[in-house]
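J.: Below are the chains, spelled out letter by letter.
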Amino acid sequence: MPGKRRRALHLCEMGSFPCARPPPAGDGGGGAGYSRVVYCNDPGCPEATQLDYPGNAISTTRYTVANFIPKSLFEQFRRVANVFFLIVGIVSFSPLAPYRAVSVLLPLIVVVGATMIKEAFEDWRRKKQDIEVNNRKVQVYDGTRAFYQTEWKKLRVGDIVKVEKDEFFPADLLFLSSSFDDGICYVETMNLDGETNLKRKQCLEVTTTLHNECSFHKFKALIRCEDPNEKLYSFIGTMQYQGAQYPLAPQQILLRDSKLRNTQHIYGVVIFTGHDTKVMQNAMDPPSKRSNIERRMDKIVYVLFSGLVLIASTGSIFFGIKTKGEISDRNYRWYIRPDKSSIYFDPSRVALAAFFHFLTSLMLYGCLIPISLYISIEIVKVLQSTFINQDREMYCEETDKPACARTSNLNEELGQVNTILSDKTGTLTCNSMEFVKCSIGGVGYGSGLSEAEEAVRRGSQYESSELKDPPISSEGYNCAAVTRKSVKGFNFKDDRLMNRQWIKEPQSDVIQKFFRILAICHTAIPLVNNSSGDISYEAESPDEAAFVTAARELGFQFYERTQTSISLHEFDPNIGRKVDRTYKLLNILEFSSTRKRMSVIVKTEEDQLLLFCKGADSVIFERLAKNGQEFEAKTKCHINYYSEAGLRTLAIAYRKLSVEEYKKWHEEFLLAKSSVNADRDAIVDETAEKIERDLILVGATAVEDRLQKGVPECINKLAQAGIKIWILTGDKLETAINIGYACQVLRKCMKQIVITLDTPDIDALKKGENNAIEKALHESVAKQIRDAHSQVSVLKGSSGLFALIIDGNSLAFALSRSLENLFLDLAVDCAFVICCRTSPKQKALVTRLVKRSTRKTTLAIGDGANDVGMLQEADIGVGISGVEGMQAVMSSDFAIAQFRFLERLLLVHGHWCYRRIAAMICYFFYKNITFGFILFWFEAHAFFSGQPAYNDWYISFYNVAFTSLPVIALGVFDKDVPSRICLKFPSLHQDGVHNIFFSWPRILGWMLNGVCSSVIIYYFTTSAILQQPFNKDGHGAGTDILGAAMYTCVVWTVNCQLALCLGYFTWIHHVFIWGSIFFWYIFLIIYGSFPPTISTTAYRVFLEACAPSPLYWLSTLFVVISALLPYFLYSTFQRTFFPKYYNIIQSVRLENH
Amino acid sequence: MNSKGASTSGGDGTRDSSAPRRNSKKPKYSKFTQQELPACKPILTPAWIITSFALVGLVFVPIGLASLSASEQVVEIVDRYDIDCIPEQFQKNQLAYIQNSETNKTCTRNLIVPKKMNSPVYVYYQLDNFYQNHRRYVKSRSDKQLRSTAYEQVTDSCKPEDKANGSAIVPCGLIAWSLFNDTYKFSLDSKVLEVNKKNIAWKSDQDHKFGSDVYPKNFQSGELIGGAKLNASIPLSEQEDLIVWMRTAALPTFRKLYGKIEVDLELNDKITVVIQNNYNTYGFGGKKKLVLSTTTWIGGKNDFLGVAYLTVGGMCLFLAICFVLLYVFKPRTLGDPSYLSWNRNAAGHPS
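Chains as they are written, first to last, in the UniProt record's numbering: chain A, 1 to 1153; chain B, 1 to 351.
Chain A on its own, in the form it takes in the complex (with noise of 0.2 Å):
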């Protein structure tokens, strides 16, 4: 099982690609998206065969054998980097050469090999994967009487199949019959969608009876339906079968990839086979999304880039007017032979001659552009997520999941996080809904506090312990207390209903009517616990669940579900004992979003026709019948109670209907339901609004869904961290305030702003015309924004803390044009806002604004497929992968298990990572400006004519040997302070949103350092070594000597000078920076002993010149401390004088030990 949730999870990675994927399958004539036929049981038949569909066999890989060569490398050099060194390494094998061509392409040969193989490993990784899942089983009909095993890979359209328990389906099928005679079948979707719940399909009537080998023999039948698309919910088509048209619905699919559960075995005829599956055609790559450190990165690139072709440009002007001067008398250099010269020295043409130098200089220099920090950073981010991935301290044991980081692009922004937008079900919430009070006949029962209650009553304590933690012992905020509840979701507390004793309830025959719609009203399946006799039930929300556990606690258990009919165990006053009730089932009218409500139509023992229905409240009031009003009034004020403790709440009717009534809408009904187009669901959502009316209203319910553990403590860190917390929430607007409450969002001393357009005056608006209310409500909206804006600047010198609460009409509005940014401006000055009753777009639309206009990082954080476009709008999606299904987690760039582990993810993780790349790359600059310039000032003590100072070997060493490992180390090991510092002084975080360790500034003083180190590093090596004899034996100090000494300085230099910044030295740190050392001496040797036709000037330079030498070894020292010291000069003025934020922490650190 983990396996397998793992590759769920892989199928927004496995990237397929427009190449890999066939087109779509358009057959000429076919209209748009619904021309697919599908031949059963005849997929050879000379009409099927010519559909030519692609078959079953699926490739998720980027590359074959054939083109993983030429595409890969396509995908290499579309770095720019990466094309300038091919470029030189293509130059360098004309005269132009300041060095021998294999060593300008050595390391671009090992850098880009080094992702190639990377990418070569990760793809061949997909294939092994592709060739287990094309090579399963399965079992087709062969056309004659009897099944066969083959492979997935050999299905074709058409084919019948049989599929047993708890096999996958190897492609989408039309579902025909399974074991069970009524037609259903029950599937876990997981793999799509991480749901783990059973999801129950039902067959055609008619298909039914295909239950035997035998059967199939004549089974023949057309299905014309949609195009292969992604949706993973719908599917229009109709089946032309015994010379009938048939409908087909989602209900008779199922999708690749899903399981059968609890069913023996069903048949089914392929209906979409490989890529056309609904499951392949969902798996893209998600948007990618690039960090600001990057984005900022590749301009320093530039930066670097216009460097390098200034100073070359430089070198060549100078080198253009020497060279012109040769031919002067007094400047007449005849031991390089001016009178002959090749066009690259000639001084008679010196405009050509410098524009060759140019191109020279352009190789020379090459080593400004850091060839190996792309792949540098690709692998410390892959640590530093592995990392995050590994971190025991974000690992749910409840749920058992560890934090996945499923981009490691974004790593550092984590650190730079300066909103936090997030979704509260689920999210802030368990999302495990426990029934707490309800409201029948116009009573209210129930008598427990919810949380909100509990901490509007405690806020005031909370008032003066702001900064401490909060105290651990609050009973509510543990997910897990749940259990200790005899019953999960079930709270409700009240002896007027409990055991029975509701029959003495005035109205008992409305509470009956009211927990019978409870324990009917629903799509929830029992599952009988075969030992214990128990039964616990499998619904599609937590809401549900909670209706249908609180109806058997009272004494109306729902034990049986068939397709046509739903059981219950049910107390019966009159006769005072449990009977069994069976209510014939005729339709479900199922919930969705924009019905915001759901109906059942059932037959009772004693033929009656009743409409069951429950929905939100605002929806059920609107088709009240005028008889049904009685509890209205009641129920409203009891419901505006409920939200105000923070509970959800769901309003119960029902209806009777005729016999005629019923007929004469069921007609009308099925024929929307068998309708084969686009805007099928629109009609389906009509006709069933035509049944749904008249209703007379029986209570309310309240369901409370408990805060996760730790939620306030953690938004409590995340506040002190300058963190600014939005909510988007779909709730009322009393639900969020409370909910605000108790997760100390809101605090009794803030000023809350309330925006909404839910007051009387409003009310009164809404008579008008359509357009003058838009205008009215507008104007509403923007006056109330002004309003707010001029109370919170007057009072903004003041302590006074606002907290803005908006509700989703109102947000419409503010999102306009012309109010946004006075909205902003508005929530900008806000610690908290609160978008109560917004549709998921309107997430997504509030994300966008407020990381548009404030440039600053948003992180937005949810659990469920509505927040996957706030996910995707955001810098960072952080998924929960908790209660609601994967959608989210798929779609996120992070994924978390429970809310309080963003404070780790941020404060640490976040913390870590942003230090430690913008440390990375700022040293990655200084170690090749060091390097660079040192050649330039050596050229322009060798007359400009592009000689290089090294030997041409240690140029190419240079970025993948001896400064390589330790850049790494410092990107994977280093921080500043240890994580437990970091959840104590939140504050830290700052840092990163300032953006202190990445900003302007400080890269260009990076920069300057590296041309100081370089200007240090020249000038006192060569005064050092200069004309004067080298050693005892009195040789003097050629090119080669002086190259090796200086090389010997560089390396020394620039690897102590990340010692210098490291806040936290290992075992590690010291292998690779002083091995990097070390190995250089080595490399020397080694070298050095080869040839002198391979190794030319650097032939036994070290052992015979330079280590004998005191002179070599004390300049070394002297150079390299001397290079460091205006750095650690400017670090301990920095530290003494003007200390950063971290200093501080740090000093505080070592002072309490």
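Check each hint, because a few of them may be wrong.
Partial selection, computed: residues in chain A whose CB lies under 7 Å from chain B [to be verified]:
#	residue
1	Ser328
2	Tyr332
3	Arg333
4	Trp334
5	Gln390
6	Ser1023
7	Leu1026
8	Pro1029
9	Cys1061
10	Tyr1064
Computed beta-carbon distance windows for the label pairs [claimed, not checked]:
#	chain 1	residue 1	chain 2	residue 2	range
11	A	Ile321	B	Asn104	34 to 40 Å
12	A	Val83	B	Ser24	44 to 50 Å
13	B	Ser24	A	Leu795	35 to 41 Å
14	A	Ala351	B	Asp128	55 to 61 Å
15	A	Ile317	B	Asp128	48 to 54 Å
16	A	Ile317	B	Ser187	49 to 55 Å
No lab work stands behind these hints, which were simulated from the structure alone.
Since this is a predicted model, take the numbers as computed values, not measurements.
Using N, Cα and C, we set each Cβ at its ideal position, and we do this for glycine too.
Please build the complex by placing chain B on the supplied structure of chain A, with the hints as guidance.
T.: Below, chain B alone, put in the same frame as chain A:
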């Protein structure tokens, strides 16, 4: 009630609570993955700052003194002769003098020994403004050809001095072609001072870069003669002047070892040098100097390193003292929470 809750709340409250955890996904503990490797965390505390400055100072000053004194012990005589060695009548037209093969190039110089010079006394020639590091010049050689007779024809890199009269030049290239050809003859009180020209090149060059069976061929036989000629009967590995010259200098001012005088020179000894002033530095405004120098453990005379060590060391000591004074007179705890500046800006909780 609370305690009861706490005791059971450790379990999991969600669905499959009864299922045993066979393979939990809980990350395995290791110091590496939890980023808790033992480490030292260097922080620049006042103590560290003072210690490191003092340490650098204390190490640098003695080294500086030692190298400065070593450098001071070196006795060096530098004599620029390129101008003075041109006869009066040619001062206006130095180039004509040096390029004319008929003129008498002999020139006599007198040097006074300023201090006792212990043997060996190294003799150098120093050239100024001579770009031996020019790319065209540096590349104009053939390592293969120098190494072995088999590669005699490998002269591609040597242009324009690759071939003369249709056959390959050995050694080819501009470097060899422009070999320095001034000669010095020393005498002390009209007694000839022998100049030992053996072992003036690096051993590895002699043994491995220049072949013992490679003889000069066709050298300096083109239309334009560059520098010195080579004795065609001596193999390249024995031509130490050439070997020294071929090891190109890094900077436009450089010295090359000419030979060794293996007798002590006493104070105020008057050394007479007879110079054959052949080499043309006049064309490009270069200078020629004759240098006699002794050596010590640090090499030749160069005060830079000693002075620099002393300066930096002194500066560090000074800074160390400054910091000590700073902390004595103005102690300040770095960990003063009142500097927690973000706290004041943080949108959050006023106290």
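J.: Look at each hint and say if it fits the structure.
T.: Here is what the structure says about each hint:
no.	hint	result
1	Ser328	violated, 10 Å
2	Tyr332	holds, 4 Å
3	Arg333	holds, 5 Å
4	Trp334	holds, 5 Å
5	Gln390	holds, 4 Å
6	Ser1023	holds, 5 Å
7	Leu1026	holds, 5 Å
8	Pro1029	holds, 3 Å
9	Cys1061	violated, 10 Å
10	Tyr1064	holds, 5 Å
11	A:Ile321 - B:Asn104: 34 to 40 Å	holds, 38 Å
12	A:Val83 - B:Ser24: 44 to 50 Å	holds, 48 Å
13	B:Ser24 - A:Leu795: 35 to 41 Å	violated, 52 Å
14	A:Ala351 - B:Asp128: 55 to 61 Å	violated, 30 Å
15	A:Ile317 - B:Asp128: 48 to 54 Å	violated, 25 Å
16	A:Ile317 - B:Ser187: 49 to 55 Å	holds, 51 Å
Consistency with the previously given hints fails for numbers 1, 9, 13, 14, 15, ordered from lowest to highest.
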